[in-house]
Amino acid sequence: MDILSLFIVIPLLTISALLFCKNLQQSRIVAMIGSFIQLGMSINLIFSYFNERLVNSDIMVFTRDIVWFKPFNIHYNIGVDGISVALLALTSIVVLAGVFISWKIKDLPKEFFISLIVLSIGVYGFFISIDLFTMFVFFEIAVIPMYLLIGIWGSGPKEFSAMKLTLMLMGASAVLLVGILGIYFNSGADGGPLTFNILEIAKVNIPFEAQKLFFPLTFIGFAVIGALFPFHTWSPDGHASAPTAVSMLHAGVLMKLGGYGVFRVAMFLLPEGALHWSWFFIILSAIGVIYGAFAAIKQTDLKYINAYSSVSHLGMVLFALLMMNATAWNGAILQSLSHGFMTALFFALIGMIYERTHTRDITKLGGLLKVIPFISVIYVIAGLASLGLPGFSGFVAEMNIFVGAFSHEEMLYRITTIIAVSAIVVTAVYVLRVVGIMLMGPVKNQTFLTLPKVTWYEMTGIFLLLIPIIAIGVAPLWISNMIIESLQPFLHGVL
Amino acid sequence: MITGISIYEILTVTSILFFIGVYGFITRKNLISILISIELILNASVVNFVVINKYLYPENLEGVLFAIFIIAVAAAETALAVSIIISLYRQIGSVEVKDTETMKY
Amino acid sequence: MERILFYSIAIIVIVFALASVASRKMLRSVIYLLFVLCGIAGLYFMIDYNFLAAIQLTVYAGGIVVLIIFSVLLVHHIELELEIAKFPKQIATGLLCLSGLGVFLYTLYSYDFHVIENNMTTTTQSIGEKLLSYEAGGFILPFEVVSVLLLAVMIGAIVLAKGKQKSKTN
Amino acid sequence: MSIDYIFAIPLVPLTLFLLLGILYKRIKPSVSGYIGVLGLLSSTVLSFVAAYQYFFVHGKVNGVYESMVSSTVWMNFTPTLHIDMGILIDPISVMMLIVVSVVSLMVHIYSRGYMKGDEGYTKFFAFLSLFTFSMYGLVLATNLFQIYIFWELVGVSSYLLIGYYYTKGTAVAAAKKAFIVTRFADLGFLIGILIIGYYTGTYDFQTLTDPEGSAILNWGATSFMGLSVITWALILIFMGGAGKSAMFPLHIWLPDAMEGPTPVSALIHAATMVVAGVFLVARLFPMFYFVENGFALNIVAYVGAFSALFAAIIAITQTDIKRVLAYSTMSQLGYMMLALGVSGYDGHEGVGYMASMFHLFTHAMFKALLFLGAGSVIHAVHSNLLKDMGGLRRYMPITNITFLIAAMAIAGVPPLAGFWSKDEILVAAYEHHKLLYFVAVFVAGLTAFYIFRIYFGIFWGKETAYAHPPKESPLSMTFPLIVLAVLSATVGFVPFSEFVTADNVGFEAHINYPLAAIATLTGLIGILLAWAFYKKTSTLPDTYARTFGSFYKWAYHKFYMDEVYLFVTRKILFRQVSERIAKFDKKYVDGTMIGIGNKTVLTSTKIKGLQSGRVQDYAYGFVVGVVVLALVFIYLWTN
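Protein chains in written order, with the working numbering: chain F, 1 to 495; chain Z, 1001 to 1105; chain L, 2001 to 2170; chain B, 3001 to 3639.
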């Protein structure tokens, strides 16, 4: 068994073990052990990746290729580069933290953890695939359990939100499938056989007309899950209804599939189409950045605030990807990672606050710093990380994006960069607004005085997420080197 | 073969019969009437088998044999249909199509 | 002579068929059907398929129509005026059938049938031999299948017709 | 000279912060106070060692104090453009080290008394350490990005410390305001950095400020909308500096920041953080001076002069003593900016630069003293308002005397510290532009007036009936007062121009007697007026307030700047933009998506009737289909 297929196999084993569990205690232990092994594996993968890189200079390493549908030349073709390694690590950390946060889940614990792990299979598979079709299959695997997770374990208008989310993502998938098939049928443009293999297609000169046609389809297909304005509206409702761990996984990991897909498929395979269309999507994503930030100011539901903040932050990812240079791309990947940890942390904290106070309306909360100091302090830290304070990962990512985007030749792009930069002020406004209203000030409700303290499993979840944020923020060089190195083949492909 | 009658004329008659059956099938609202219409349609086609056999391939017998089978199957079908109608009548007290519309949507 | 006979049979068949689908009284409708079936039996006689004509009369006119009459008598009052489709729907269906007929006839008349002039009479014996023959072109297998079918239908009909009276017990 | 031991100076407070932050609950308050003071003491000692070594042991090389750098790459943007982390030792950073260390140490000692019994005692020291660390990092920064990083960190420490009394609504609001206003200013700073990085390809101070370097010579000539791109960048960077240093119109956060504990106001909002803007301009001084003949520098000068005047006028009318001091700080910062703005580069030309740094140095001492003295008073009477005080000289003799020394220092009474530095500023202004000079002199008079107004108000005047008779503060609080008073009285005699100049060469400064006399006279007039108005309770202040009428009212309401900002943020940005966007999102963007869903459902409801379950209908459709298809095929075949 190769090191990457284990990322699929171990969750499958975990699921089969979960099937035999009888109650909450057993299922959470099994899920925890399974995710813990995953985390160990992704850490191991980081080190083996560095070792492998010393001797192997292919674009993808640890590759493996098995045909699974010959007539259409579909392969189970896997491999990783620095970017996917980083994102795999992100996923395994968030999944483990998610399991810890769901330690006390009430209804149907076994089924909950199974769905959670199915979701993680989809995500792992997506990040390791180099075959377009396999990638798409994993993409769908990741999206579908979402419906169940929100529809069954959610709160509020959960059925509606679940349906809205799933339908919008499915709609995007349909568009994406057209894009992928378009790429597939043009992959023989140089006379070779039709193929789904990304690395093979990248060598083919797909005709410009086809690129022009299929780039927007592929881009939008992926970008909807990355919350591109104006296709972001599934996200606030979906997050608001989802249970804590699902929000974490969704915002932390699933939304990253968008940026990664855009990068790996749309930009890499259709570079000329990307150049042709970039101005349009840059404007959209820059609007998204500012728009999300402004929309977040007026929300009163914590999860809505966070959802709009995700729109803003992930708009930054798409924005940077379209800028087409190594610095901005590096920033985009770092932003994906950083946003993944940060927003998962946020949702975890919101879940804890909600569990204790039974409300997410910030106007009803107040003075939490006095009654649940640990959670509140971490919330402040997460907020500061989110507004891009140096020393946290957000700063590193944003600076890379800004510097990269600003070094674009064209004036239009630089002006949009300045617009996007101004989001840092608006972000500060909404983050501090929440901190000011919810955490500081007098204690609004006397019942808050008796709120239970933070528990060990909550602390574990928090630290799992907080440590990478600080680690990237304080010492960004190693990870940014790992990413930049992997960007080189893409740069040559595009420029 | 009928002296002085071309195959076109016979086929015209059966076509008319066929479409009368179709008309009845669509417009009638009663299960038994629909059954009658089906018999008309079946008969129209049986005649076609026979006539084409007689006019075009007189030395063969396939058309006739098919006609016999069709009649047998029609008899079977009618028997079943009638028993279904009776059983339905027992259950819902009606053989009107509108009362049996439970397969909707 | 045969022309006159054929046309009168054709007119009987068509008129009674129309009457059968148009009549609002069930029993009459069945009786009109009987006339149509008899007319068709006449047609078989005219083209010298006597055996077939006999079967038509016995099975159809004698069996099926009687069955239908029984069912009518079981489930209807004789004088019951049946409901039929609304007038616009009738018109629409009529037009549809007419255009369908037009298509049929157009196709028929534009096709050139290679008619073989003959006067052969098919005997019952030859039909029987063909039906029970094992050789190539023999129909023994379908014959057996049909007999099994008839048996199955017989059982099925009994089971169905004997079914419980659910609506009344509930 | 090895400079590696200087890394220890910022690292000590960082360690303290982590230690106190992590062991927050498990550490006794008294212990954490001692740890904080001891840690800072070691940093201070190291700072003095560094200063001694740099100026006296290492000394001048080829006639200049050379800059020394030790840094490592922290993050790569491109192979050539990267953020370094390290330390840059040159005269101004060494001077800032001394300022930060001394004031921070004094504030640490003072806080042990002032914060006694507060439940967040340990937290307070942790935040103070975080701030001190960030401030060290800022002054030692080797490049623009590093300074930006620590710039943000001092901002957040300031946020945390202003909001220290987090259950108090006004404190929370003030903290938020301070952070957001400076953040807005930092936006300009960041864009400026981006522009500089893009054109010059470096963030490094030494490369950027080299007068013969490409940043100044080549890129200074690339123009955009009438000005050089570098000038634009400098203006934007100055915007960042103006935000931190509370220059008009970005000053509105500073008075509100007085909601924080008084030691914090002394350390952050008087002596160290707020001078970061001045320091930044000084850091980039060659760029400001050489690019386009100092266009950006002129802006600095005028903004500084206006802020000085503006703040001094407001200071006269305020009744909260900490606010008076806050406006005074703003006014003095304006002075420093003004001095930088009027400065030249070489030799004696650079007197403004030298004066600005000198004033920064002396101001840190006496303003910290004023704040700590005010804190001592507030500690005794539990109020910030002037009307609750009076006649305190009998109860608090040490506070009285130290406060008086500080007040005389800021009023420019010779031979106290303020006199010397202010004199140099006036000289520089006089040589540059007469208008700026007159503004500066006028502001000097106003300064003397408002500072003695509160002095007389607090320590003389009518005695208020105190519920508890006020007591002199404990030794932990008076000791820093005495130390700072001694420093305020004496640092003026430091031959500053020998050490800190624009070109790092040094020159000998002489007192310009006529100008000094005028300045001193103005100061004395101010003091005498204050004497006449406020020594005893009199009707004079009210009479004059009425004479000035609406102008007084405007000044009392801080010229309605807060209201203007509130209008822009709350009415326009929140009400108009943000709320509209939120509504737009709900109604149109989301509405479209949901609309598509609803339309689908509607269509399906309509067409589901086709699937009626009636075989006859299906047959009808089937026949129609057959006929139509047949017609189509016939049509196709016959043609």
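Among the clues, some could well be false.
Have a look at the derived ranges for each label pair, beta carbon to beta carbon [stated by the list, open to error]: (1) F:Q446 / B:M3068: 55 to 63 Å; (2) F:I470 / B:R3394: 49 to 57 Å; (3) B:D3617 / L:E2081: 17 to 25 Å; (4) B:K3583 / F:L491: 50 to 58 Å; (5) L:A2085 / B:T3605: 21 to 29 Å.
Computed list of lysine-lysine pairs in DSS-like fashion (alpha-carbon distance at most 25 Å, straight line) [what the hints assert, rightly or not]: (6) B:K3608 / F:K370; (7) F:K364 / F:K453; (8) L:K2130 / Z:K1029; (9) B:K3168 / F:K364; (10) L:K2089 / B:K3387; (11) F:K158 / F:K110; (12) B:K3387 / B:K3462; (13) L:K2130 / Z:K1098; (14) L:K2086 / B:K3608; (15) F:K453 / F:K106; (16) F:K110 / F:K203; (17) F:K70 / F:K158; (18) B:K3168 / B:K3116; (19) F:K158 / B:K3586.
It should be emphasised that the hints constitute simulated quantities derived from the structure, not laboratory data. No experiment lies behind these values; they were computed from the predicted model shown. We treat Cβ as the ideally placed atom computed from N, Cα and C, and that holds for glycine.
Any of the earlier hints contradicted here, and which numbers? 4, 6, 8, 10, 13, 16, 17
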